[in-house]
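Participant: Mind docking chains B and C on chain A? Use the hints.
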Amino acid sequence: MPAAQELEGAAQALASRKAGPTLEQQRARIAWLFVTPMLAAVALVAAWPLARTIAFSFTDAYLDNLDSWQVIGFGNYVALFEDPLWWSAVGTTLLFAIVSVGLETVFGLAIALTLNAHMPGRGLLRAAVLIPWAIPTVISAKMWGWMLHDLYGVVNAALLKLGLIAAPWAWLAEPRLAFAAVVAVDVWKATPFMTLLILAALQVLPKEIYQAAKVDGVPPIRMFLRVTLPLIRPALLVAIIFRGLDALRVFDVIYVLTGNNPATTTMSVYARQQLVDFQDVGYGSAAATSLFLIVALATAIVITVGRVNVSATGERL
Amino acid sequence: MLRIFALAAAIFAIQSSLPASSRADVTVSISCSSLGIEQQLCQTGSEAWAKETGNAVKLVATPADANERLALYQTLLAAQSHDIDIFQIDVIWPAILAPHLMDLGAVLSEQDRADHFKVLIDNDTVGGKLVAVPWFVDAGLLYYRKDLLEKYGKEVPKTWSELADTAKAIMEGETKAGSSVLQGYVWQGRAYEGLACNALEWIASFGGGGIVDQDGAVTIDNPQAAKALETAKSWIGTISPKGVLSYGEEESRGVFQSGSAVFMRNWPYAWALANAADSPVKGKVGVAVLPQGEGSDARHAAALGGQHLAVSRYSKHPKEAADLVRYLTSAQEQKRRALEGSFNPTLRSLYTDSELLAANPFYKDFLPIVDSAVARPSTVTGRRYNQVSSAFVRVVHGALSGEGAASASLVGLNKELERLGRNGHW
Amino acid sequence: MIRKSLGRLAFYLLIAGIIFYAVFPFYWAIVSSLKTGSSLFQVEFWPSHPTLENYIALFQEQPFARNIVNSLIVAMAATGISLFLALTAAYALGRIRFRGRTSMLLIILSVSMFPQIAVLSGLFDLIRAMGLYDSLAGLVIANLILTLPFVTWVLTTFMREMPRELEQAAIVDGANDWRILTRVFLPIMGPSLSAAGLLAFILAWNEFLFALTFTLSTEKRTVPVAIALISGATAYELPWGRVMAACVIVTVPLIVLVLVLQRYIISGLTAGAVKG
Chain A
1 MPAAQELEGA AQALASRKAG PTLEQQRARI AWLFVTPMLA AVALVAAWPL
51 ARTIAFSFTD AYLDNLDSWQ VIGFGNYVAL FEDPLWWSAV GTTLLFAIVS
101 VGLETVFGLA IALTLNAHMP GRGLLRAAVL IPWAIPTVIS AKMWGWMLHD
151 LYGVVNAALL KLGLIAAPWA WLAEPRLAFA AVVAVDVWKA TPFMTLLILA
201 ALQVLPKEIY QAAKVDGVPP IRMFLRVTLP LIRPALLVAI IFRGLDALRV
251 FDVIYVLTGN NPATTTMSVY ARQQLVDFQD VGYGSAAATS LFLIVALATA
301 IVITVGRVNV SATGERL
Chain B
1 MLRIFALAAA IFAIQSSLPA SSRADVTVSI SCSSLGIEQQ LCQTGSEAWA
51 KETGNAVKLV ATPADANERL ALYQTLLAAQ SHDIDIFQID VIWPAILAPH
101 LMDLGAVLSE QDRADHFKVL IDNDTVGGKL VAVPWFVDAG LLYYRKDLLE
151 KYGKEVPKTW SELADTAKAI MEGETKAGSS VLQGYVWQGR AYEGLACNAL
201 EWIASFGGGG IVDQDGAVTI DNPQAAKALE TAKSWIGTIS PKGVLSYGEE
251 ESRGVFQSGS AVFMRNWPYA WALANAADSP VKGKVGVAVL PQGEGSDARH
301 AAALGGQHLA VSRYSKHPKE AADLVRYLTS AQEQKRRALE GSFNPTLRSL
351 YTDSELLAAN PFYKDFLPIV DSAVARPSTV TGRRYNQVSS AFVRVVHGAL
401 SGEGAASASL VGLNKELERL GRNGHW
Chain C
1 MIRKSLGRLA FYLLIAGIIF YAVFPFYWAI VSSLKTGSSL FQVEFWPSHP
51 TLENYIALFQ EQPFARNIVN SLIVAMAATG ISLFLALTAA YALGRIRFRG
101 RTSMLLIILS VSMFPQIAVL SGLFDLIRAM GLYDSLAGLV IANLILTLPF
151 VTWVLTTFMR EMPRELEQAA IVDGANDWRI LTRVFLPIMG PSLSAAGLLA
201 FILAWNEFLF ALTFTLSTEK RTVPVAIALI SGATAYELPW GRVMAACVIV
251 TVPLIVLVLV LQRYIISGLT AGAVKG
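Residue numbers (the working numbering), protein chains in the order written: chain A, 1 to 317; chain B, 1 to 426; chain C, 1 to 276.
Chain A with its partners taken away, still in its complex shape:
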């Protein structure tokens, strides 16, 4: 390590002796070159749709006549904040996101650690574990809806046979059970996402540390908490952030399994109902923009608390 630092210092000293820009400045210019294609693509696909949504949220536009609308300022937002159904949706969404992402993280860690070990058929196992994520959401939601049917669903049949319940449970009808069912289905579906990202992070860990620890006789749990976890923290946090974004915007699972049941309505279901079912583009866009703001707030919290590194480069730990 010291030798490299000396080298870096020497290189920079050399560069600064030249008349032109420093190495850092040169690289900074090149950096913009590298980033521009990606930025251009994102701007192309996202700029207009997002701007349009935010703009519409300040109007009274209706889907059946999108050409004639009037600006009504914050009217939609005021109505939104006065709607108890909206706040109920916000609460449901936050609870759903925290519970399911939490469970997915725990399960994902456990499965990824297991899959990281050397064993025969590792490849096939990884493929098997990925199956829930690979099935289209709408189909897996319908599939679970079928399995959770209270009278001829396989879940109740199995539970009854095993003697764990006395009478069939109405999984999708009772509010609390419905919420649990929806969380369970989402966890089943999204755990592979976490697993795969954590597994990738585990695989770039230097093997020398583990070999040294084995020689020193460090217990596996301490190994995990003190060494592994901090090392995979960046990737783990990115996985949590993106899973969190998905969970906060969840729609398909809720809608297919429970319809517009107020007990399980999330912000996305609410926004869609306004935009599509009621054709109220103005109010619906306000709901979507508010969803965006709440998600942004939640993400900011996660980034701050998790001390996700968005500024430093290349320095480990």
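It cannot be assumed that every hint is accurate.
[As the list claims (entries may be wrong)] Quick list of in silico lysine-lysine cross-link-like pairs, BS3-like style, CA-CA up to 27 Å:
#1 B:168 x B:158
#2 B:233 x B:158
#3 B:242 x A:161
#4 B:154 x B:51
#5 B:233 x B:282
#6 B:168 x B:151
#7 B:335 x B:158
#8 A:161 x B:316
#9 B:51 x B:158
#10 A:214 x C:4
#11 B:282 x B:319
#12 A:207 x C:4
Think of the hints as simulated: they come from the structure by calculation, not from any bench.
These numbers were taken from a predicted model, which means no experiment stands behind them.
Facilitator: Same frame as chain A, but now just chains B and C:
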């Protein structure tokens, strides 16, 4: 790996630059159902018209789910696209889509207009324009197990309390006899449009009105409506399984068709399936009008369903599209569809047609059911119908699953709907 | 000795549990796909009369093979473009200190914070304006809004975790940034490229809302939409057997893809890159 991606990029670049296939003189595109028999019948009907007139018809497949289909239609119509000329629309959509639809008044002759069910023509007339032509009609029916009723010497129930008593008696009898778990009555209780149909049927059958009357006044807050909801609530856990609050049409049909229920409320489509070769209840099923409630205004009430055909205002071939609609909704075509696919016609005269009666003797009873059917208040509430329905379903579902009294929730619903409708000015 | 065997047993039980948890619904899908009609309403752990009718009907009643090809094209193109753009951007965002880097990352992240339904009509306008309605190219572009932010962030994170020494050695050797990216970092980005690529591929493969709205003709449809349009006899009847058969057919290529990618996942740093 990079090579594979490059290849993929090349393929789609070529694909998108291929010229569109050449077309016939005039091609009319129609979005009718993309499902099995329905699609076949639409195809053969359209092709017959195409041959007659020398035009071409293209069928566009759209999702079967009503909400998704409506969303797709709205997206296309809002963008004023002329990709689809004719839309098959649900009975509750004419008022919602009216701004985008052509006036089809000229398509129907006076005679034909009088022959269609009045309730349907009224439903399709928005702001003086006939924006859609009825194609086939559905109404909620009571399905029952003939064999079980015979075994216990019971009549087909005429009132809801008779239904509850009969169901209870049969359930107890069957449990004593040691057969597997039997449900009394299954229906659609999930929080979606189907529940609106079921609830409307209960409320109208007790004389509680139809949520919003023809003049736009909100009528839901009345004691008969409260009684209707309390009655329905009393079924859950006794003659209806707790899970009924998550059932749609298919879930309830699954229970009934596998022999696990005495009564079912469903649309006519379930009849053919219940009598299919592999159905466990084949030959044991009867159909009747839904029971009525109690009170001086009690009546038999079935919710009105069915599909209609409408032409987009942005169509490039409005004359040809209107003509295809005329052809598809004509008596000859509707009769063919009734014979081959059991699609109930919307023309009264066909219900006394000897051929049809021979094939479907039930039509004799179905005619009065449609005549007395209750339409959901979609036309009078116009573009706000979905909001009305959503509020109604939410309150009903809550009343059925919650602890409070139905009458209290109806007061709140009434206020909400009045606010929504700006006190009658929908 | 016994402790080791017990440990091993527990380990294998854990594996079995994981497999069961992940795979059981898929197994259920296979069982359902081999049944037809009313037998679908009965709970059986293996069908009493298995039949391939659903699979055959699937390919006969719609151009399902064509739909699969469409999905493959869209998913591969969207993933390929995303990986390429994200990799170059990740190098800059992860290795070079420059002004605006943090805000750029946050702006990209915020694109993923809007619900899909909100951007739908705006994207619809955009696709129509570009003349790409009812085309696969339009779908590829629409899917970029979903895959690009995610892939960028993942690759940036992994790139940032790479040790400083790697590029310092290359800089001293006189390499420019492009060479550093392709010669030094690319070979060791295997795990993250495959993970991000696979997840992005599946995301694009399963994407439903855009595919439904931006294509109209049956030949251009992708698999999720084709499955949603599978016909039962009537509007209310859910053709469960066919849907499950489609589900099974569609998941198999994804499993194959994962197995193929195993070869590209290089564990750990390659020997010889950095010593000491």
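Participant: So which of the earlier hints does this model not fit?
Facilitator: Result: hints 4, 5, 7, 8, 9, 11 break, sorted rising.
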